[in-house]
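Chemist: So the sequence shown is numbered by the working numbering: it starts at 79 and just counts up by one.
Beta-carbon label-pair distances, calculated as ranges:
1. Glu143 / Glu298: 29 to 35 Å
2. Thr80 / Arg155: 31 to 37 Å
3. Glu298 / Ala230: 20 to 26 Å
Because the hints were derived from the structure by calculation, they are not lab data.
As the structure is a computational prediction, the values presented were derived from the model and not from experiment.
Positions of the beta carbon are idealized from the N, C-alpha and C atoms, including for glycine.
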Amino acid sequence: MTQWRIHQPDGHDGPTEISSWVVSGRLAMGYYPGMLRGGKVAPAVFDELLDCGIDQFVNLTQDWEGGTDEHMTHYYRLPERSDGSPLVRAGRREDEPVNVAFHPVPDEHLPGCNLRGSSAARSSCDIDGYGEDLVSCEDGRPVPATSLILNALDGFLEQGRNVYVHCWGGSGRTGTIIGCWIRRHDLAGADEVLERLRDLREGDSVKGGWPIPQTPAQVEMVLSWQPGW
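Can you make the complete structure from the sequences, with help from the hints?
Modeler: Now the structure itself:
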């Protein structure tokens, strides 16, 4: 297995202003790259990721109708770049112009949670501190589900693809997966992995300093992950 080196941020040096490198040039994490801005998609963010060499996306959202992230605009359905040039990528499906691996996780939950949409929202942890921690998914299987995502991520990297892992805001679900990936490869101990995630997040000029991951359950998942899992 390849021995990776964690990126050492030098100011806000992420591939976009709302993303950061995990492994320089190979693995990045951040925001959903098709965010709505004033009711319009922001394709420039997507363009920047393509231009810095990203050719594989790992989408952790429920970005379909009825999902917790249904408000997002699908970047993988954009027919062209913002300058009008075609998107040339071998898609997962014929109508997708980029490589996208879908591993949907409800917002504020762990991989393996089978809740969707409003059910997931009602059971999620109130990260703003206005309510009790109501995280559910008692019948979920977070460890095997997380391992499945990590296996896919490592497979893409071993194939030479440059990967962008994202959820909606790049904190909770993304931080969970990247934190577990760092622990899997023994790139940080359990006593330092959260600090390492925060350091990496400093490459993101928008989200630098925000909690990563977000919920107590997500933090516990990262702290309990073992090398080789």
